[in-house]
Amino acid sequence: MTTAAVAAPRRRPTPADSCDHCGQPVAGPIDGDGPRFCCVGCRIVYETLHDAGLDGYYAVRDRTAAPSLQRRPPPEIAESGFAELATAGFLDEHTVAVGDGGARRVELALDGVHCAACVWLVERLPRAVPGVLSARLDLPRARLSLVWRPDETTLPAVARRLANLGYTAHPIRADGEASGRTAAERSLLVRLAVCWALAGNVMLLSAALYSGLTLARDPLLAAGARWLCLGLTTGSLAIGGSLFFSRAWASIRFSFAARSPALSLDLPISLGLLVGYGNSVWATVSGRGEVWFDSLAVLTAAVLTARWLQLRARRLAGDATDRLLSLVPTVLRKRTADGETMLVGPEGVVPGDTVEVRGGEVVPVDGRVVAGRSHLNRAVLTGESRAEPVGVGDEVTAGATNLTSVLLLRVERAGEATRIGGLLRWVRDHSARTAPIVQLADRLSGPFVAIVLGLAALTAAVFLVVDPAEATGRVVALLVVTCPCALGMATPLAFIVATGQAARRGVFIKGEATLERLTGITTVLLDKTGTLTEGTLAVVGWWGDDDALRLAAAVESRSNHPVARAVAARWPCASSADRVEEVPGSGIVGRVEGHTVAVGRADWVRAAGDGSRWPDALAAELDRAEREAQTAVVVSVDGVPTAAVRLGDRLRPDSAALVAAWRRRGLTVGILSGDDPAVVRSLARQLGLSDGSALGSMSPEAKRDEVARRQSAGEIVLMVGDGVNDAAALQRADVGVAVHGGSAAALVAADVFLTRAGLAPLAQLLDGSGRTMATVRRNLGFSLAYNVLGAAAAMLGWVDPLVAAVAMPVSSMVVVLSSIGQRPFGSEESER
Amino acid sequence: MIVLFFLVPLALLMAAGAALAFRWAARSGQFDDSVTPAWRIVFDDDTDPPPPRV
Chain A
1 MTTAAVAAPR RRPTPADSCD HCGQPVAGPI DGDGPRFCCV GCRIVYETLH DAGLDGYYAV
61 RDRTAAPSLQ RRPPPEIAES GFAELATAGF LDEHTVAVGD GGARRVELAL DGVHCAACVW
121 LVERLPRAVP GVLSARLDLP RARLSLVWRP DETTLPAVAR RLANLGYTAH PIRADGEASG
181 RTAAERSLLV RLAVCWALAG NVMLLSAALY SGLTLARDPL LAAGARWLCL GLTTGSLAIG
241 GSLFFSRAWA SIRFSFAARS PALSLDLPIS LGLLVGYGNS VWATVSGRGE VWFDSLAVLT
301 AAVLTARWLQ LRARRLAGDA TDRLLSLVPT VLRKRTADGE TMLVGPEGVV PGDTVEVRGG
361 EVVPVDGRVV AGRSHLNRAV LTGESRAEPV GVGDEVTAGA TNLTSVLLLR VERAGEATRI
421 GGLLRWVRDH SARTAPIVQL ADRLSGPFVA IVLGLAALTA AVFLVVDPAE ATGRVVALLV
481 VTCPCALGMA TPLAFIVATG QAARRGVFIK GEATLERLTG ITTVLLDKTG TLTEGTLAVV
541 GWWGDDDALR LAAAVESRSN HPVARAVAAR WPCASSADRV EEVPGSGIVG RVEGHTVAVG
601 RADWVRAAGD GSRWPDALAA ELDRAEREAQ TAVVVSVDGV PTAAVRLGDR LRPDSAALVA
661 AWRRRGLTVG ILSGDDPAVV RSLARQLGLS DGSALGSMSP EAKRDEVARR QSAGEIVLMV
721 GDGVNDAAAL QRADVGVAVH GGSAAALVAA DVFLTRAGLA PLAQLLDGSG RTMATVRRNL
781 GFSLAYNVLG AAAAMLGWVD PLVAAVAMPV SSMVVVLSSI GQRPFGSEES ER
Chain B
1001 MIVLFFLVPL ALLMAAGAAL AFRWAARSGQ FDDSVTPAWR IVFDDDTDPP PPRV
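Just so you know, the protein sequences line up as chains A and B, in that order. Everything in the first sequence is counted per my numbering, starting at 1 for the first residue and increasing by one. Everything in the second sequence is counted per my numbering, starting at 1001 for the first residue and increasing by one.
Treat the hints as calculated values from the structure; they're not laboratory data. Remember, predicted model here, so these are calculated numbers, not experimental data. Be a bit skeptical, because a hint or two may be false.
[To be verified] Short, incomplete list of chain B residues facing chain A, as computed with Cβ under 10 Å: (1) Met1001; (2) Val1008; (3) Pro1009; (4) Ala1015; (5) Ala1016; (6) Ala1018; (7) Ala1019; (8) Arg1023; (9) Arg1027; (10) Gly1029; (11) Asp1032; (12) Ser1034; (13) Thr1036; (14) Ala1038; (15) Trp1039; (16) Val1042.
For every residue, glycine included, the Cβ atom is placed at its ideal position computed from N, Cα and C.
Kindly produce the complete structure, drawing on both the sequences and the hints.
See the structure below:
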């Protein structure tokens, strides 16, 4: 034991004590000032690195690793979010009974699952939490299916355990939409499998017919094979082809109703299938002519495969947005007339009621403070990153986070009537009513159908004059061979491969129309708080000696104020403070290692100080904070001012590079922020943007209107944001991007969302979508060329069933290979 | 070759059986997640952790 250890005796850990290896909180008692660890494993790794002289590892890691690997304070666990999981309403609506032992099952979305190790960890829950019967994780969709006994444990307890492991659980809307999507995908998969089974059998029988089994040589066997093919293909068309027929019929009816042609690709597919089928049935019944059954069966199965892949890729992105829009707590603490508090839902309060909001909770209603003083973070609604003090009589809005102490509010509006409730409703209504995706291939199909029908009519007309016996055969060959199988697969396949690659790089793209719109972007608008910046208060600069700052941090670690938390996180200090006294709105004072240390606002520290002149450097630091609209605190030790700390919302490390890259591409880049204009301008200058392009004090509605204004000026807008205050603008923009950690509302409103922290995944987005669209165009070009050649060959009489049976799969294969071979978002290796 | 009139329907019957089995598997959700089960199989069975050292 060293003398240092004697000076700082064994003590209990504080929340500021984090493991020197992994950053997790330290559990056991702490000896002395040496490195601290959460577990034996971390100690061994640390000592191995230290003994080998590799301490630089930590510096490199903190600078380069994803924030999830950096040393960080333990995640704040929003208890109020878990409380919802225990309400009777939630249990009734979102969980189902399993078996007769009283167990129930619930589906939860789980944040932070990455790999197989997470699966292992999460699925060991039944061993860790008595009462949990089974836990199954679906890794790609980040869904946890949990079976538990409500009489032995509660969902909040399970959620808290998961949060301690680093996974945040969110309830999911288990309503008709999501389960309908799963059921539709399963049913399509069954149809797909049956269609391929039928196609395989038809192909086998057709192989016999092609290789010499003719009606002339063996009438009985050949007729049997043809009738069997007829039966199997009828099944294939009834099970798989009916999907195309009904959609083609719907598109015809829609065209008539809307008096404008909106013919989907299903129409030429249906036409080819039906004409080929009708002709083949006639040939089978009459015993004369060619049959096309194998081409029809394979065609149905292949196009169905593309549809299924498309549906599956969309579901993956869609699932992530199924979370409840639970930004505003659905559980309130209502203060009854006799002074007791009870938990109720939003419908349980009316204007005039009193609700209690504890420190760390989200304000559930719009109202006025009737008792208590606290600090609020309104970033969700305004983007303003600085905490605002509130007192009796002040107005507060739902969605703000109460940072410090208990507030009593008189309710003015609750539930959907709140300002934030109205915004969420707007986003939800508009996301449901998004225009149907008009695919590139669908747009091509109108002229395509017209041309094919024209050619068929021409062929029929010519041959009825020249050689009537040939006419039917050639028209049927033309319609079958131009049936747009490759055309139908071109867009979905290229899109699936591209979105799959993008998803592995942390970018989820919700629809193929998004990829197309991304290629035309002219303007990028960015939110500030939480998007360009990290969205939390952090130390950005300081002056003074390290000892004083360390002592200041020791005092600050005793407070829950956001400034205090930022300072305590920046200078982890082993010493503990006593006789701590917090002066709301001013600062904090306490004794550490025998010194009286005060940390707080400059005027408060000055008034409490000995009146001596402050160092110039300290005054300069305060001036700078004033200029850059940052928060500043002064530290005095035994009455002598010795340090100043500036705090602000730090720019993300990758923001500047990304903005520069966009500007090099010739895009207009602007900032839309709800924050103070001075803060926004200072940030714009750091990014090299002109003051004019950075707009501050923007309300959520103003952001939406600014996007609309730019759109009406002919610009195509990409909006990047994270909060509810951006949701309307994200919805309005041509392409909305929600960054990682954004609110559920932003996820629902956005077309693209990031699953990794930071903006880096966005860098590839524009280039990648351009390359994907190039692949799509190449595929479409090839399929059209194939159809032109096919039509010409059919008119010349070169296409018989055997030629069609070979040419159609080959053309589809070319499209498949071209789609799979693309690397729009860079190859896997180049990223590592 | 008349035996084909017996063998082909037999083959089709087997194919129908396979299709029905597939339908059952798909409807019970076995194809919903194609990634996690592949990982799950490599996890060792649960054993008690070794006694703590140090």
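Against the structure, the hints:
1. Met1001: The hint holds - Met1001/B has a Cβ within 10 Å of chain A, the shortest such distance being about 6 Å.
2. Val1008: This interface hint holds because 7 Å falls under the 10 Å limit.
3. Pro1009: Since chain A brings a Cβ to about 9 Å from Pro1009/B, closer than 10 Å, the hint holds.
4. Ala1015: holds (5 Å)
5. Ala1016: Result: holds, 8 Å to nearest chain A Cβ.
6. Ala1018: Given a least distance of 7 Å, the restraint on Ala1018/B holds.
7. Ala1019: holds (5 Å)
8. Arg1023: Arg1023/B check passes; min Cβ-Cβ to chain A is 5 Å, inside 10 Å.
9. Arg1027: Status holds, d = 6 Å.
10. Gly1029: Status holds, d = 7 Å.
11. Asp1032: At 7 Å from the nearest chain A Cβ, Asp1032/B passes the 10 Å test, so the hint holds.
12. Ser1034: holds (8 Å)
13. Thr1036: holds (4 Å)
14. Ala1038: Constraint on Ala1038/B satisfied, holds at 9 Å.
15. Trp1039: holds (4 Å)
16. Val1042: Holds, because the Cβ-Cβ distance from Val1042/B to chain A comes to roughly 7 Å (cut-off 10 Å).
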